[in-house]
Every structure is written in structure tokens, then in C-alpha cells.
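Chemist: Spelled out, the chains give:
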Amino acid sequence: MHQIYYIESNQLNILFQKLKKDYRVFSPVIKENNATKETDYSYGESTENEPFVFNPYRTVEPLKTFFTPPLDKAVEYFNQDESTEYLPKIIIFGVKSCDIVGHKVQDFVFLEGVEVDSLYRLRRENTIFISSDCTDFKEVCHCLAWEILPHPTEGFDLNLSPLNEGYLVEAGSKKGEELIQQYKEFFVIAKDTQLTARKVKRENLIERLKKHLLPQHLVSKDIVQRLMKEGYNLDTWQQFMLTCVECGGCNFICDTCHCFLLADKKEGNINKKLKAWDACLYANYAKVAGGANPLKTRTRRLRFRFTKKFDFFIDNLGMPACCGCGRCIEVCPGKIDIREVLKDLAKKLNIKT
Amino acid sequence: MKNIYKPKEAIVEDIIVESPTIKTFVLRLKEPFEFKTGQFVELTLPGIGEAPFTPSSDPNIKNKIDVTVMNVGRVTSLLHTSSKNISLGMRGPYGKGYPLDKFEGKDILIVGGGVGLAPLRSLLFSLFVEIDKYNKVVLRYGARTPDDIIYKESIPRWAKIKKVDVATTVDVGDTKWKGNVGLVTTILKDLPVDLKKAVSVVCGPPIMMKFTTLKLLDLGFKPQDIYLSMEKNMSCGLGKCGHCRIGKFYTCKDGPVFTYEQLNDIHDIWE
Chain W
6 MHQIYYIESN QLNILFQKLK KDYRVFSPVI KENNATKETD YSYGESTENE
56 PFVFNPYRTV EPLKTFFTPP LDKAVEYFNQ DESTEYLPKI IIFGVKSCDI
106 VGHKVQDFVF LEGVEVDSLY RLRRENTIFI SSDCTDFKEV CHCLAWEILP
156 HPTEGFDLNL SPLNEGYLVE AGSKKGEELI QQYKEFFVIA KDTQLTARKV
206 KRENLIERLK KHLLPQHLVS KDIVQRLMKE GYNLDTWQQF MLTCVECGGC
256 NFICDTCHCF LLADKKEGNI NKKLKAWDAC LYANYAKVAG GANPLKTRTR
306 RLRFRFTKKF DFFIDNLGMP ACCGCGRCIE VCPGKIDIRE VLKDLAKKLN
356 IKT
Chain A
4 MKNIYKPKEA IVEDIIVESP TIKTFVLRLK EPFEFKTGQF VELTLPGIGE
54 APFTPSSDPN IKNKIDVTVM NVGRVTSLLH TSSKNISLGM RGPYGKGYPL
104 DKFEGKDILI VGGGVGLAPL RSLLFSLFVE IDKYNKVVLR YGARTPDDII
154 YKESIPRWAK IKKVDVATTV DVGDTKWKGN VGLVTTILKD LPVDLKKAVS
204 VVCGPPIMMK FTTLKLLDLG FKPQDIYLSM EKNMSCGLGK CGHCRIGKFY
254 TCKDGPVFTY EQLNDIHDIW E
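Respectively, the protein sequence lines represent chains W and A.
Numbers in this note's numbering are just positions in the first sequence, counted from 1, shifted up by 5.
Numbers in this note's numbering are just positions in the second sequence, counted from 1, shifted up by 3.
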């Protein structure tokens with residue numbers, strides 16, 4: 006474990022303003038403050054003097070938007086003087102544990118495999134994650150079901166844990182350590198009592214979340230691939246498909262969904278390839294020019310989304326491509342709930358969750 | 004910084020009409036470009052669109068590639084109306100090709116359907132160049148009608164090469180057609196191959212691939228000796244865009260050539 010520091014809230018706010026001079030700083034802001042509903046947080050670029058806001062749980066948008074935006078230039082070609090994109094250094098605050106785990110899938114797709122997506126890598130290298138512990142959860146949150154804790158354990162540069170009038174700050178990478186060294190006047194080494202207090206706070210949230218999740222009897226990591234293999238022909242898919250309006254929302258809002266279309270465009274004399282998010286719930290997703298479409302029904306497409314997450318990625322990456330953030334549950338106009346689909350399969354197969 | 008989505012420039016040097024719906028485009032590359040037989044490329048109509056094709060030429064010929072294209076979709080129909088000397092973009096080659104080393108000393112049965120003969124022609128050229136390495140090459144090819152047969156002048160020439168046995172069929176004949184009429188599976192009887200040392204390679208429309216595979220299994224070919232060229236929606240070619248997934252594989256990077264053994268526990272592979 007790296008050294009852990011402490012920073013007072015007002016000091017963090019001063020540092021937050023300072024960082025904006027050297028970086029573009031993105032941080033969650035309250036999207037909709039509604040006393041009768043859960044408050045939603047949304048990433049925005051923090052403007053001068055805008056104060057730091059702590060988000061108790063994940064934002065509405067997935068983290069992937071910073072690295073693979075919905076519409077992105079992939080490349081210019083057959084063009085003598087290509088414009089090189091200026092890539093600013095970015096700091097993202099408010100990243101949560103689920104986002105970091107989900108983002109492993111994006112990293113696997115774009116940084117590994119046959120070849121590396123160099124623009125993705127540049128953006129990744131130019132970004133600092135300042136994550137934070139969850140101090141609360143949304144109704145749809147179910148990270149623990151996938152054995153993901155509601156506080157980051159890896160993959161962050163700095164992590165903030167709120168404590169009394171300030172935050173414990175843990176460095177998780179060289180980039181994080183360097184940032185602390187650069188601004189060391191803001192930080193003191195954390196005391197053991199503070200570390201104990203962080204531990205207690207974390208355990209308390211885990212207990213609260215467990216109480217929320219236990220009655221739901223959610224499907225676990227150990228059995229989920231079996232559900233895909235043995236449940237392939239069950240009527241679950243058809244039944245849940247009935248309310249699917251093929252909006253692709255579940256795909257777009259998902260931290261792990263990565264599919265994109267490569268499209269060609271001419272602007273003046275410049276030929277471009279664009280990368281646009283695609284959704285496997287769309288009717289033409291798998292259609293080939295000859296007319297064959299392996300995913301011609303909604304039932305198949307819904308099942309394809311699940312087998313990608315819980316069969317393909319377990320085989321290829323060793324983990325399910327779901328981080329339990331619940332974004333797809335919130336976004337779905339047809340109220341298709343990933344938790345309920347998996348539970349239905351387990352129930353019909355008589356497999357204990 | 005290497006950009007994996009950037010195509011190289013290729014000039015259309017010649018266009019050969021193969022059938023009413025199929026043309027072969029002879030492309031000359033401006034930069035070095037090599038491929039293994041069975042691998043595919045992504046061809047770009049600049050500023051318009053991109054589609055995957057498996058070259059149909061001899062991979063030993065450098066810097067010149069034939070791509071045989073059926074007019075079926077947006078990009079292919081525009082390709083069909085384009086003329087010589089235009090610039091196209093080419094990315095690739097992608098995927099794993101035919102494992103020629105595994106074919107050495109074997110009887111190689113090659114079954115093609117329609118435009119599916121295109122990738123197989125590249126394979127045939129590769130085999131012909133080193134024909135002594137192989138025991139026998141048996142080609143069985145089916146097209147819808149006599150007009151739809153591609154490489155019409157080449158097929159009789161191939162039949163004259165030593166160790167090569169060729170038979171063709173059409174689903175529907177015409178007044179001039181003297182050959183076999185029936186699906187390609189009807190010319191898979193009494194094959195001059197020794198099953199103990201035979202492999203088979205199949206490429207064609209999904210329905211043809213399905214029934215040919217079933218027939219080959221029935222004849223006694225082992226699942227690991229049936230090589231299938233799968234046609235899926237390969238878009239990026241790099242295992243990143245997601246579209247061509249079959250089970251735990253991406254067709255673009257793990258295929259497009261798979262053995263039936265790799266695929267036989269995956270649902271709906273023929274769809």
C-alpha cells in the first residue's frame with residue numbers, strides 16, 4: 006500500500022482551484038436536486054472558482070465517455086497535411102470503484118489484443134483519476150454482488166476517503182505520488198486513528214449495502230457463466246425482450262460496453278473515419294451486406310448483450326463485464342432490470358443464487 | 004504514432020466482370036502489403052464507406068491484390084459502378100488464414116458456393132505453387148446458374164493441373180449447361196479422397212456452409228478437419244468494435260477461418 010495522507014476540506018478546495026491552471030478538471034456536479042428522488046451527479050468541466058463537490062455515489066455518465074466519446078474521429082486519410090489533435094491533460098474527480106472495475110474492460114479492448122488504439126492510449130496517459138469512496142448508494146447499485154467493494158482498491162491515481170472535516174488521500178500510482186509531491190504543502194501524513202476511522206466508515210457502508218442487497222438474492226459471479234450456457238434456450242430472453250424498445254440506452258450508458266461503428270465521411274477534401282458508439286440492441290448491429298442477420302430478433306439481441314458480458318468476457322478477460330453500477334437499470338424505458346433477468350434464469354434452471 | 008484505423012492507398016488497375024453480379028478488382032498498392040491466404044482486408048471507398056473482403060489472388064504476388072466483389076450492399080454497389088484508376092483505401096490484413104502447414108501431405112477437399120470461391124481461389128493458387136507438398140486437391144464448386152459461375156476460364160485450366168480434381172454444379176441449368184444440376188452437396192458423393200488423411204475447406208453462403216458441413220460430417224470428416232470461412236459483420240478487423248462475435252471468438256481476429264470443432268458448441272453459427 007502507498008503512503009496515505011490527510012487534507013482538510015478547505016485545503017482540498019484551494020488545491021482543486023489550483024489544479025485547473027494546469028489541467029482540465031472534470032468533477033461531478035449535482036444534476037438534479039430533488040428531495041423526493043435520489044440526487045443525480047453528472048460530470049462537468051469545473052470552471053474557475055467553482056467549488057469542489059463530493060459525490061456520494063457514481064455519476065450518471067459512464068467513465069468511458071472521456072476515452073471513447075460517442076462520436077470520435079478515428080483517423081484522417083489520403084490527406085497530405087493531417088491535423089494533429091491537441092490532447093490536454095485531464096483530471097477526473099469523483100470516479101468510483103465500479104467505474105474503475107468497469108473500465109478494465111475498456112482498457113482490455115483498446116489497449117490489448119491484436120493492436121493498440123493509440124488515441125485511446127494517449128487519452129489514458131494524459132488522464133489522472135482522483136477517485137473516491139462511496140458514502141452512500143443508489144437503489145440500483147449492486148457492486149457487492151460481483152464482489153466489487155464500494156471503495157476503490159486499485160486502478161486509481163489518487164483516492165479520496167471523506168473523514169470529518171477533510172479527506173484521507175491514498176496514492177495508487179506513480180502519477181498520484183507525483184501529484185502529491187508537487188503539492189505537498191497541502192497534505193500531512195495520515196494518523197493511525199484516521200486510518201482506523203476510514204476502515205470503520207468503509208465497513209459500515211458495506212454492511213448497509215449488504216442489508217440492501219441480501220433480500221434481493223442476486224446472482225453471484227460463480228454461477229453467472231453457467232446461466233448463459235445452460236439458459237441459452239430459456240424463455241427468459243423472450244419474456245424480458247417484450248418491453249425492449251431498441252433504444253440502445255443500456256449499451257450507451259454501460260461502463261463496459263465498447264462497440265462502435267467505423268463510418269467514412271468527406272469534409273471538403275479531407276477523408277475521415279469516424280468512430281460512433283453502436284449498440285447490439287439495434288436491429289442492424291450484426292447484419293452483413295448479403296442480408297444475413299444472426300441477431301434478427303430482439304430476443305437474440307438481448308441475449309447477445311448478456312452472453313457478451315457474462316460468457317465472452319469471462320472466457321477472454323476472466324471477469325464478467327458488469328460492475329454492478331446499475332446505470333442500465335435506471336436508463337431502460339422498458340424497465341428491463343439486469344438483476345431480474347439473471348435471477349429469472351437461475352430460478353428456471355433451479356440454480357441457487 | 005501508428006493509427007490502426009488508417010487505410011493504405013490502392014489504385015484500381017483493372018476490373019474484370021466475372022458474372023452479372025460479381026466483379027474482380029485488381030488493386031495495385033502504393034506501399035508494401037502482404038497477406039496470408041484466407042486473411043481478409045477492409046476496403047474503403049474514400050469518404051463513403053468500408054467493407055471486408057478476402058483477397059482472391061495468389062499471396063505470393065506482392066503489391067498487387069485481386070478482390071472479387073459481389074454487388075450486395077451499399078459499398079459493393081458503389082464499387083461496382085466505379086471505374087479504373089480510382090483510389091481505394093485498404094486496411095489489414097486481418098485474422099488468421101488457412102493453416103497450410105496442416106494441409107501438407109493431405110488430400111484437400113475444397114468446397115465453394117457462389118462468390119465463396121473468391122477466398123478459395125487464393126488458397127488454390129497457394130496450393131498450386133507448392134503442389135508437391137500436398138497429396139491431392141479436390142475442388143467442388145456450386146453456383147446458382149451457369150452465368151453465376153465465377154472464374155469461368157480458370158476453372159477448366161485448374162482441372163488440368165496434376166493432382167487436382169475439379170467438379171462443378173449449378174442449382175438451375177440452362178440450355179447450354181451440360182454439367183451436374185443440383186446443390187453442391189450433390190457432387191460430394193464418391194469423392195476421390197482418403198478420409199484417413201483428408202481435410203476440407205468450405206466457403207460460401209451460410210446455408211450452403213451448414214449443409215456442406217453436415218454432409219462432410221456424415222461422410223466421416225472429423226470436426227477438426229473441416230475448415231470454415233465465417234462471414235460476419237467484420238468492421239474494425241481488430242477485435243475492438245464488437246460486431247463479428249461468435250461465442251467466445253471474434254471472427255475478425257480469431258477467424259475468419261475456424262475449424263468446425265472450434266464452433267460446434269456455439270449456438271446459431273449458421274444464422
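Source of the hints: derived by calculation from the structure; they are not laboratory data.
In this text, all values refer to a predicted model and were calculated from it rather than measured experimentally.
Hints may be right or wrong, so weigh each one.
These stretches of chain A come out as covered by chain W in the derived footprint (C-beta under 8 Å, 3 or more residues) [as the list claims (entries may be wrong)]:
#	region
1	50-64
2	69-80
3	158-171
Here are the computed lysine-lysine pairs in the DSS-like style, where the Cα-Cα straight-line distance is at most 27 Å [said to hold, decoys possible]:
#	chain 1	residue 1	chain 2	residue 2
4	W	Lys-292	A	Lys-99
5	W	Lys-271	A	Lys-5
6	A	Lys-33	W	Lys-78
7	A	Lys-87	W	Lys-109
8	W	Lys-352	A	Lys-251
9	W	Lys-270	A	Lys-139
10	W	Lys-180	A	Lys-5
11	W	Lys-292	A	Lys-33
12	W	Lys-277	A	Lys-67
13	A	Lys-9	W	Lys-271
14	W	Lys-292	A	Lys-9
15	W	Lys-277	A	Lys-251
16	A	Lys-9	W	Lys-301
17	A	Lys-87	W	Lys-271
18	W	Lys-271	A	Lys-99
19	A	Lys-139	W	Lys-277
20	W	Lys-78	A	Lys-5
21	W	Lys-271	A	Lys-26
22	A	Lys-87	W	Lys-234
23	A	Lys-33	W	Lys-313
24	A	Lys-256	W	Lys-270
25	W	Lys-277	A	Lys-218
26	A	Lys-9	W	Lys-78
27	W	Lys-109	A	Lys-9
28	A	Lys-11	A	Lys-139
Heads up, the beta-carbon is just placed ideally off N, CA and C, and yes, glycines get one too.
Chemist: Hint by hint, which ones does the structure fall short of?
Modeler: 3, 7, 9, 11, 15, 16, 18, 19, 22, 23, 25 and 28
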